[in-house]
Amino acid sequence: MTLRCLEPSGNGGEGTRSQWGTAGSAEEPSPEAAHLAKALRELGQTGWYWGSMTVNEAKEKLKEAPEGTFLIRDSSHSDYLLTISVKTSAGPTNLRIEYQDGKFRLDSIICVKSKLKQFDSVVHLIDYYVQMCKDKRTGPEAPRNGTVHLYLTKPLYTSAP
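Under UniProt numbering, the sequence shown has 147 at position 147, and the numbering climbs by one with no breaks.
No lab work stands behind these hints, which were simulated from the structure alone. Any given hint could be a false lead.
No more than 20 Å apart at the CA atoms, straight line, and that leaves these computed lysine to any residue pairs for SDA-like [unchecked claim]:
hint, residue 1, residue 2
1, Lys103, Gly91
2, Lys117, Ala65
3, Lys134, Lys103
4, Lys59, Lys117
5, Lys38, Cys133
6, Lys38, Thr54
7, Lys115, Glu64
8, Lys154, Asp135
9, Lys61, Asn94
10, Lys154, Gly91
11, Lys154, Leu95
12, Lys136, Asp120
13, Lys61, Asp79
14, Lys154, Lys38
15, Lys103, Ala65
16, Lys38, Asp135
For each label pair, taking beta carbons as the anchor points, the in silico distance ranges come out as [unchecked claim]:
hint, residue 1, residue 2, range
17, Gly102, Gln131, 27 to 37 Å
18, Glu28, Ala90, 25 to 35 Å
19, Lys154, Ser30, 21 to 31 Å
20, Glu28, His149, 37 to 47 Å
21, Tyr80, Asp135, 39 to 49 Å
C-beta: ideal position from N, C-alpha, C; glycine also.
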């Protein structure tokens, strides 16, 4: 399946956001294309999908935010649809979201990928990791080996929800 970015629809406040579509017949999309379109529509309704945004723009939005604040934006890397930008103890950090075979998961090194949970939608992926962070976080303890913990706790909305 080939993905391409469609022009913004211009309806309501959506003018600055891009919408993802699939190349091919507009009349009868493949089941995978329909699934992807549904997942991206669901993401667009959350209020924390920012659409087309550069790394520097995301960094600026998150600069003063508390640790754990995140947003979802279009990925600047052509092999990925989306990126999570999140404020960590080391500052704003970006993590790509993979989409393959109808499933979304966080990008990771090869030896870990098969162990990562996969989801039918980006919203389900985010909900899972937000809940996991609520369940596991007991305090702002810094890792001892120099790594940075990634906590997803609070979405940064494009406007008031």
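Is the hinted pair Lys154 and Leu95 satisfied, with a Cα-Cα distance of at most 20 Å? holds (16 Å)
Given pair status - Ala65, Lys117, alpha carbons within 20 Å: violated (28 Å)
Hinted pair Lys103 and Gly91, Cα distance within 20 Å: violated (29 Å)
For Lys61 and Asn94, compute the direct alpha-carbon distance and say whether it is at most 20 Å. holds (13 Å)
Below or equal to 20 Å on CA atoms is what counts here, so check Lys115 against Glu64. violated (33 Å)
Starting from the range 37 to 47 Å, see whether the pair Glu28 and His149 falls in it by beta-carbon distance. holds (45 Å)
Keeping to a limit of 20 Å between CA atoms, is the pair of Lys103 and Ala65 held or broken? Violated - the C-alpha atoms of Ala65 and Lys103 are around 30 Å apart, more than 20 Å.
Does the alpha-carbon distance linking Lys38 and Cys133 stay inside the 20 Å limit? Violated, at about 26 Å.
Cβ separation of Lys154 and Ser30, checked against the hinted range 21 to 31 Å: violated (36 Å)
Between Lys136 and Asp120, does the CA-CA distance stay at or below 20 Å? Not satisfied, since the Cα-Cα distance of roughly 24 Å exceeds 20 Å.
Straight-line alpha-carbon gap Lys61 to Asp79, limit 20 Å: With Cα atoms ~24 Å apart, Lys61 and Asp79 exceed 20 Å; violated.
When you check the alpha-carbon spacing of Lys154 and Gly91, does it fall within 20 Å? holds (15 Å)
Comparing the model with each earlier hint shows violations of hints 1, 2, 3, 4, 5, 6, 7, 12, 13, 14, 15, 16, 17, 18, 19, 21; every other hint is respected.
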